[in-house]
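Chemist: For reference, the chains in residue letters:
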Amino acid sequence: MKPTTYTNDQDLVLTYKYPWNKITIGIVIIFICAVIGVAIGSVYIPVTSVFLILFSKLNLFNESTELTPAWHTIIWNIRLPRVVLALLVGASLGISGATYQGLFKNPLADPYLIGVASGASLGATIVFLSGIPFTYGYFSLLPVASFCGGIIAVFIAYLISIKSGNTHLSTLLLAGLAIGAFATAITGILMLRSDPDLRPLLSWLMGGFIRAQWSHSILIMPYMIIGVSFILGYSRILNTMQLEGYYAESLGVNIEKTKRILIVSATLVTAAAVSFSGLIGFVGLIAPHIIRLLWGTDYRTLLPLSGLVGAAFLILADLAARTIVSPIELPVGIITALVGSPFFVYVLLKTKGSTIDGY
Amino acid sequence: MVIDLQNVSFKYENVNVIQEITAHFNPGELVSLVGPNGAGKTTLLKLISGTLKPSSGKIYIYDQQSHNLTNKKRAVWISMVPQNPKLPDEISIPDFVMLGRNPHLGLLQWESKEDFNIARKSMSLTEIDYLSRRKLGEISGGERQRAMLALAITQQSPIMLLDEPTSNLDIYHQIKVMKLIKKIHTLKSGFGVTILAIHDLNIAAQFSDRILLFSNGSIAADGMPKEVLTKNNIDSIYGSEVTIITHPEHGTPVILS
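Quick note, the sequences are listed as chains A and B, same order.
Residue numbers are given in my numbering: position 266 of the first sequence equals residue 293, and the series is strictly consecutive.
Residue numbers are given in my numbering: position 42 of the second sequence equals residue 1066, and the series is strictly consecutive.
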């Protein structure tokens, strides 16, 4: 039997359009999430007042005197810095998650699950506990230390997977798991040996934005921008990297160089996210997967949109973390894990064997 | 000379897979590499494509030493259709075919209208345009083989290497794919070199201009199909008694067991 032959080849239109419209919609959604995040809390501030207070800074309105100064302080000094940090961290985790998934050809690779985040948090903990001052104006040692920890973790995992003689990426994930557990254990030991006031560190390790400040967002921005620029620059090459190594090489890709650049960039972005907010899992897993389900696997679309979904998700997760059992605040990592673990199982069942062991 | 192999050897874990092979490939040739399992056909393809590096000897592609070429330049000159590669199930057929434009694009450069047209034409040529909404995980073996061919055509390189392009296909698709390979080769109007590693001696005899018969990592015979596929050669190299007749329509040798 012959396959159906195609007659009207005019119907076949091949194009790629950069998803500007989706990105615009995404930004609007994030803005809405951010306004909700700022409005809701232990004190509810009406959305109109939120707008007025936000824009009063721009001196567009003079009526701001009618609003209570307390609301002004709550929004500008407490809620907004927190929402902005959640936005940046969510975007970082979404983008770095999608990058790791593309690099390791594994839809389950999440910065938290492959040990990068644990390594980064160990690096940050060492600086945190060493007692040396780590913030100098607009420079902080924390992201740098996180990056060192994260990059060591990911390279050890990578070396183990090469050394074990098979480049199967499930090996890399398992190695990442072991290294993550090891780093977490060391972090635990360090904490036990240090002075008793560990509450800030503890909440930080569980992941959260309780202590968020404007300076945190400013401090992590440069690392994010550098890492994300490289990742987006390589987004088309990441499509080719989805083929087996030798096949991609036969299409002109310099695999080793590309891998190195992307691992360093993704780890830089993860480290920036981890350095002030601690361990937040599953954002890097959920965000790219939603985009893949909706709009396919082109990394030029997947990467920016994963960032946007990650940002919106983390703003809402943080909102849930501070309101669900108010006045007590949950670490946001608990919320993302609650949503993320079932999601992980779903992806695992869906990709059964084929993708996990295939490479 | 398009491809020039000079005393090329390849060792894998101290076993000589390829021994001192010297061979040339000229413009316009469609060459089949045949021989028993493990004789070195696929290894030679991988040496030419640059996937493997020779342990000794030299490989020249258009008079340039192969190992000095960047991946990119090599990909502009050589396209490769591997045997049963693991392909990502989720990628759509047009996206997959478009990957063939990668060697022609800079890092920050994206595909132009022209690039999309090239991919569209290769999809028409390989008759897979009806698959434009399907994903790699959803198509049959024959369609997969044609999708990989479409990708290779999209690469627009003068040299095309194919590793067992007809394995795992039924006879209808075997012939369809071989005719397609021949057609692509003809379209290059005398400039292209097409080399395929192939098991099936009858298909090799029918479609190729020249056959290299491999035995234990060296070339045992090299020439036109009826010069190479003789009873003597096949009996001694494959170790089985065969009968050879002439194809009533094509005049090529047909091997019967």
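Hints in this document: simulated from the structure, not taken from any laboratory.
Remember, it's a predicted structure, so these values are computed and weren't measured experimentally.
C-beta: ideal position from N, C-alpha, C; glycine also.
A couple of the hints might just be wrong.
The following residues of chain A were derived to be distant from chain B, with all beta-carbon distances above 12 Å [what the hints assert, rightly or not]:
{"id": "1", "residue": "43"}
{"id": "2", "residue": "50"}
{"id": "3", "residue": "153"}
{"id": "4", "residue": "233"}
{"id": "5", "residue": "240"}
{"id": "6", "residue": "264"}
{"id": "7", "residue": "270"}
{"id": "8", "residue": "352"}
Ranges of calculated distance between the beta carbons of each label pair, as one might list FRET restraints [to be verified]:
{"id": "9", "chain 1": "B", "residue 1": "1275", "chain 2": "A", "residue 2": "273", "range": "36 to 42 Å"}
{"id": "10", "chain 1": "A", "residue 1": "248", "chain 2": "B", "residue 2": "1107", "range": "44 to 50 Å"}
{"id": "11", "chain 1": "B", "residue 1": "1259", "chain 2": "A", "residue 2": "373", "range": "23 to 29 Å"}
{"id": "12", "chain 1": "B", "residue 1": "1107", "chain 2": "A", "residue 2": "282", "range": "34 to 40 Å"}
{"id": "13", "chain 1": "B", "residue 1": "1158", "chain 2": "A", "residue 2": "273", "range": "54 to 60 Å"}
Chemist: All hints, please: hold or fail.
Modeler: Okay, the hints, checked on the actual structure:
Once the 12 Å rule is applied to beta carbons, residue 43 of chain A is inconsistent with being away from chain B; the minimum gap is 6 Å. Every CB of chain B lies more than 12 Å from the CB of residue 50 of chain A, the least distance being 16 Å, so the non-interface label holds. Once the 12 Å rule is applied to beta carbons, residue 153 of chain A is consistent with being away from chain B; the minimum gap is 36 Å. With 12 Å as the threshold on Cβ separation, the claim that residue 233 of chain A sits away from chain B holds: the shortest Cβ distance comes to roughly 34 Å.
A cut-off of 12 Å between C-beta atoms confirms that residue 240 of chain A is not in contact with chain B; the least separation is 36 Å. Some Cβ of chain B comes within 12 Å of the Cβ of residue 264 of chain A; the nearest lies about 7 Å off, and the non-interface call is violated. Look at residue 270 of chain A: its CB is around 7 Å from the nearest CB on chain B, not clear of 12 Å, so calling it non-interface is violated. Look at residue 352 of chain A: its CB is around 39 Å from the nearest CB on chain B, clear of 12 Å, so calling it non-interface holds up.
As the Cβ distance of residue 1275 of chain B to residue 273 of chain A is approximately 38 Å, the hint placing it in 36 to 42 Å holds. Distance hint check for residue 248 of chain A and residue 1107 of chain B: the Cβ-Cβ separation is about 48 Å, which falls inside the suggested range of 44 to 50 Å. Taking the beta carbon of each, residue 1259 of chain B and residue 373 of chain A are about 59 Å apart, not inside 23 to 29 Å as hinted. For the pair residue 1107 of chain B and residue 282 of chain A, the beta carbons lie near 20 Å from each other, so the given range of 34 to 40 Å is not met.
Separated by about 25 Å at the C-beta atoms, residue 1158 of chain B and residue 273 of chain A break the suggested range of 54 to 60 Å.
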